[in-house]
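**Student:** Letter by letter, the chains look like this.
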Amino acid sequence: METPAMKALNRLISHVIVAQVALLSGPALQAQEEKPARGLVEIGVRQLAGDHGSSKFNEYHHIPAGFYLQQFEVYFNKLPGKFFLNAQTRETLEKDQSYRFGLGQEGKYRFEFRWDRTPHVFANGARVFFGGSGGVYTIPGPTRSLLQSTPANLPSLVDGAQLQGVSLARNAGTGTFTYTPTANWAVQLQYSNEQQAGVRPIGTTTNAFTNSIELPEPVDYRTNQAKASVEYGNDKGGFQSSYSGSLFRNRVGELVWDNPFRTADAAGGASRGRIDLYPDNAAHALSFAGAYNLAESTRLMASISPGWMLQNDAFLPFTINTALAGVPALPAASLNGKKQRLSMNYTATSNPLPALTLTARYRSYDYNNNTPSLVFSNYVRADADMPGPARRSLPYAYNRQNLGLEASWQFLNKHALKAGYDMERFDREHRDTTRSNEHTGGVTLDINPKKWLLVRTSYKHARREPRHYEANEESFPLGEGALSLGELPGLRKFDQAARSRDRAEALLQMDSDKWSLSGSYFTTQDRYTQSLYGLLNDVSYNYTVDVSYQLRHDVTLFADYTRERYRYNQRSRQRVPPTATAPANDSPNNDWESFTRDVVHTGEVGINASALRKKVTIDTFYSLTVAKGSIATRAMGSSSIAGFLVTTAQDYPNTGNRFHQVTTTCRYQLPRSAALKLDYRFERYDRVDFQIDRMRPYMVPLDPSTNTSIYLGLDFPRYNVHIISVALEYRF
Amino acid sequence: MKRFSTPAILTLFAGMALAAPQQPMDESQYVGSQICEECHRQGYRKFGATKMARVFFEAPRSALESKGCEACHGPGREHVQKARERDRARELGVPYEGPKSSEFIKQLGKDSPMPARAQNAQCLQCHQKGQRLFWKGSTHEARGIACVTCHQVHQKVEPFQIASRFKEPLSDNRMFVKPSQMEVCFQCHQMRRAQLQRSSHMPFREGKVTCTSCHNPHGTPNPKLLTEATTNETCYKCHAERRGPFLWEHPPVMEDCLNCHEAHGSSHPQLLKATAPRLCQRCHVNTRHPSTPQLATTRFVFNRGCTNCHSQIHGSNHPSGLRFHR
Numbered sequence: 008m009e010t011p012a013m014k015a016l017n018r019l020i021s022h023v024i025v026a027q028v029a030l031l032s033g034p035a036l037q038a039q040e041e042k043p044a045r046g047l048v049e050i051g052v053r054q055l056a057g058d059h060g061s062s063k064f065n066e067y068h069h070i071p072a073g074f075y076l077q078q079f080e081v082y083f084n085k086l087p088g089k090f091f092l093n094a095q096t097r098e099t100l101e102k103d104q105s106y107r108f109g110l111g112q113e114g115k116y117r118f119e120f121r122w123d124r125t126p127h128v129f130a131n132g133a134r135v136f137f138g139g140s141g142g143v144y145t146i147p148g149p150t151r152s153l154l155q156s157t158p159a160n161l162p163s164l165v166d167g168a169q170l171q172g173v174s175l176a177r178n179a180g181t182g183t184f185t186y187t188p189t190a191n192w193a194v195q196l197q198y199s200n201e202q203q204a205g206v207r208p209i210g211t212t213t214n215a216f217t218n219s220i221e222l223p224e225p226v227d228y229r230t231n232q233a234k235a236s237v238e239y240g241n242d243k244g245g246f247q248s249s250y251s252g253s254l255f256r257n258r259v260g261e262l263v264w265d266n267p268f269r270t271a272d273a274a275g276g277a278s279r280g281r282i283d284l285y286p287d288n289a290a291h292a293l294s295f296a297g298a299y300n301l302a303e304s305t306r307l308m309a310s311i312s313p314g315w316m317l318q319n320d321a322f323l324p325f326t327i328n329t330a331l332a333g334v335p336a337l338p339a340a341s342l343n344g345k346k347q348r349l350s351m352n353y354t355a356t357s358n359p360l361p362a363l364t365l366t367a368r369y370r371s372y373d374y375n376n377n378t379p380s381l382v383f384s385n386y387v388r389a390d391a392d393m394p395g396p397a398r399r400s401l402p403y404a405y406n407r408q409n410l411g412l413e414a415s416w417q418f419l420n421k422h423a424l425k426a427g428y429d430m431e432r433f434d435r436e437h438r439d440t441t442r443s444n445e446h447t448g449g450v451t452l453d454i455n456p457k458k459w460l461l462v463r464t465s466y467k468h469a470r471r472e473p474r475h476y477e478a479n480e481e482s483f484p485l486g487e488g489a490l491s492l493g494e495l496p497g498l499r500k501f502d503q504a505a506r507s508r509d510r511a512e513a514l515l516q517m518d519s520d521k522w523s524l525s526g527s528y529f530t531t532q533d534r535y536t537q538s539l540y541g542l543l544n545d546v547s548y549n550y551t552v553d554v555s556y557q558l559r560h561d562v563t564l565f566a567d568y569t570r571e572r573y574r575y576n577q578r579s580r581q582r583v584p585p586t587a588t589a590p591a592n593d594s595p596n597n598d599w600e601s602f603t604r605d606v607v608h609t610g611e612v613g614i615n616a617s618a619l620r621k622k623v624t625i626d627t628f629y630s631l632t633v634a635k636g637s638i639a640t641r642a643m644g645s646s647s648i649a650g651f652l653v654t655t656a657q658d659y660p661n662t663g664n665r666f667h668q669v670t671t672t673c674r675y676q677l678p679r680s681a682a683l684k685l686d687y688r689f690e691r692y693d694r695v696d697f698q699i700d701r702m703r704p705y706m707v708p709l710d711p712s713t714n715t716s717i718y719l720g721l722d723f724p725r726y727n728v729h730i731i732s733v734a735l736e737y738r739f
Numbered sequence: 046m047k048r049f050s051t052p053a054i055l056t057l058f059a060g061m062a063l064a065a066p067q068q069p070m071d072e073s074q075y076v077g078s079q080i081c082e083e084c085h086r087q088g089y090r091k092f093g094a095t096k097m098a099r100v101f102f103e104a105p106r107s108a109l110e111s112k113g114c115e116a117c118h119g120p121g122r123e124h125v126q127k128a129r130e131r132d133r134a135r136e137l138g139v140p141y142e143g144p145k146s147s148e149f150i151k152q153l154g155k156d157s158p159m160p161a162r163a164q165n166a167q168c169l170q171c172h173q174k175g176q177r178l179f180w181k182g183s184t185h186e187a188r189g190i191a192c193v194t195c196h197q198v199h200q201k202v203e204p205f206q207i208a209s210r211f212k213e214p215l216s217d218n219r220m221f222v223k224p225s226q227m228e229v230c231f232q233c234h235q236m237r238r239a240q241l242q243r244s245s246h247m248p249f250r251e252g253k254v255t256c257t258s259c260h261n262p263h264g265t266p267n268p269k270l271l272t273e274a275t276t277n278e279t280c281y282k283c284h285a286e287r288r289g290p291f292l293w294e295h296p297p298v299m300e301d302c303l304n305c306h307e308a309h310g311s312s313h314p315q316l317l318k319a320t321a322p323r324l325c326q327r328c329h330v331n332t333r334h335p336s337t338p339q340l341a342t343t344r345f346v347f348n349r350g351c352t353n354c355h356s357q358i359h360g361s362n363h364p365s366g367l368r369f370h371r
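For the protein sequence lines, the chains are D and S, in the order given.
Position 404 of the first sequence, counting from 1, maps to 411 under this note's numbering, and the rest follow consecutively.
Position 113 of the second sequence, counting from 1, maps to 158 under this note's numbering, and the rest follow consecutively.
Don't read these hints as lab results, they were simulated from the structure.
All C-beta atoms in this analysis are idealised placements derived from N, C-alpha and C, irrespective of residue type, glycine included.
Please note: incorrect hints may appear among the correct ones.
Going by beta-carbon spacing under 8 Å, a handful of chain S positions derived as facing chain D [unchecked claim]:
hint : residue
1    : 162
2    : 175
3    : 364
Given only the sequences and the hints, what does the whole structure look like? Please build it.
**Tutor:** See the structure below:
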């Protein structure tokens, strides 16, 4: 029984076939060999079935039903005067379309222009309880009055909230002009403009955190970037110098929303909330790089690049709440944020013997923060109250230096043995460690004993040692004030902590005319050797196998499989700070541990086949990704001891997702450079995630403390989508 | 801040310098590309369609480029002589016992008897500048990777001949041994192929980003062959809003995006290495709610966990934003 959709599809397919026959019989195809232009056009018609409106399916692309122009490419490579011109489009006129246009004179100059659009769909069904636009979200006064008097009316009101899509789109255009007056010189100018617009979810709070309000954050960004570079190179060496500048502008600088539960400002709760969105900023960088061959066997390379990052957006007031008394004056009208970085690299590499390479490297990345450190005598918490104490903003900065020595011996023509040592010195300002040193030793062995066999192996061991670790250094006042416990003394933040790292890697590749087999193993094992709390270890193992077999000269089978395993262990302590009347509860009996495990299996199997002297080709594959995650947590103390707090140490429900994809493309070569393509694709995505599966605008059934909170109720639904398309591909 | 001793480094670099004179070009040893075409007709025709051939044959910019085939394969006089001697012997029906003609030409590719470095030297005659300025001593060079491991020179792969499982940004530079640039990298970096298939990913599969959007496989002075000086500067190319400076900065964010994110793909939302709140609790162990394990059904865990409230975690410019709420 033919459905109307199938009938429509059949009609469209018939039209395409008729169209291709008409094209083939046309004079345009005559004597195509003489034409200097070459190109391709692929047009077709597509039908979708299933959940093709799913936000996850449409996350980064757009696959609409109906006619489409998949790609158009044209190359004029032999125009008079050695000129060339080419143009490409893909996903033409769709929401993920791309265009490229190039022209120039061979060996002299070229101009290239690109334009690209990338969608990013977060969700289709966000329930937006607010009205308004342009960064101001409002709720009618009567509704707020009703909620202020009776918050229990919230569930019935949010049920009627409008459904809205939450998505962004990036439109980026880039023009590049390259001039090569001689083979040695090159000058390049580049300018790009990117616009990013749409909405994405953002979490906000009012009333000292009792109201969590999730909103669609308006995004309207413009980023202009310009780059100019000049380069010279010959057999002795070369140099490159460039300037790049980037200006970021956010056209919606703040987000204001009505507090659904208050109609008027008051101390302890504002009628509106306000958050500062990303401020405008600018970045500039100069780069100078050079290389010189001191002799045929020795090359010196250096690069020096100073850069500046600037931000001076006007500060918003402390609060939008007009009822708060005693709000202090701002210490400055704006930040006048200034960071300078200086990146320097020096490398010398030499072959004292033909098979031996010695390399020495020194790198310094100096990240200076000259942003003023401002003192705020108080601050307003969630537009509600001023808990104090005074705070100072800290200009975090660091300097990272690396010294590396390496010897590489390429023996018996095809094998390589490399040994290296690297030392990293990391100096930081306003962080828990002021200096850490990391020593890394490593060896790699690559052997290629037969044409069909290649083995690559490597092993590295690194040890990082902070010279002194002092917790509580990352905020001012240190340790968060008088009635505070500060950081747990045994905590070592993983990015600064003493660490032992082992990393091993192996790759095996074998092939012959008929088959190929490769496999790899990769492990990273980080152990934080002096950490009593925080992340204790981070271990991962990855295995891959990749095979292909040529069954016949026109049939190839392939398959690959990857298993990834990640394991993180961390430890913490539940603590209660002291109050004016009660001492702190800071007992080891309240320690708890958590174990995070992630396993991902990825497999793929497929076939590439051709028949009838390659007139018919079939490419098909099936891929599956299965990810599973678990978080187990346990209290380490005893509930029978007084002051036991850790009553919420429970395992979280397991998470997982699966992504299936089947793609089959059958291509039939018609006479005169035309081909008919039949394409079928199936995608299926399943997900189990306790964090988002039960999200609704009103979350009281799950967490009673959220009775004055409103969420967007975002979900990332599972989907099954079938796509069938018929296309005519014509090369000219 | 104390630095390593600059004189010691300069001494180290200078001590590695060894002198060796360059060989001048002997014109009498070159035969011209037309002679090559006589025997290697198919290869010559394929090469002729490439951009490199158009420059060599139609608009050479240097003496070397004007040598055509011999610019890469070296002077061909002896090679041609030996081939002709062999052909003459065949015509006469006598066995040819001389050396193979292939021994007198520079063969490039997987079956070449030349080591990778010697093969690469042929390419580097012209391609030392641009992205290859830091090739020598780079990770791939030190491990014996040849240019021809990834690139093919003799045949331009037209974009429309490609049937790849991975879309890529539009380009007219497709001189790869595989249908797509990503598949070239996956030859060795197989794990990355799996990571790109994960639920949370950048638009790699959709053809909007590719490996070289962030990395330069030809060598850079930066870590992990990044095109920019650091991971963060690489991320700022697309996420310029996050670069600040901010009034209130989150120091691990400012130092390295990869403290929290896995750029190649993750099973967790927003490319995170682990889900909140556990990710945040790796460091935040002070008091109150960050120190509490938290039930799965609370606002500290569901949805986006900690960032339900601390949404400005990449930095805040609000005077009341020190805890990244504003």
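**Student:** If a hint holds in the structure, say so; if it doesn't, say that too.
**Tutor:** Here is what the structure says about each hint:
no. : hint : in the structure
1   : 162  : holds (6 Å)
2   : 175  : holds (7 Å)
3   : 364  : holds (5 Å)
Comparing the model with each earlier hint shows no violations; every hint is respected.
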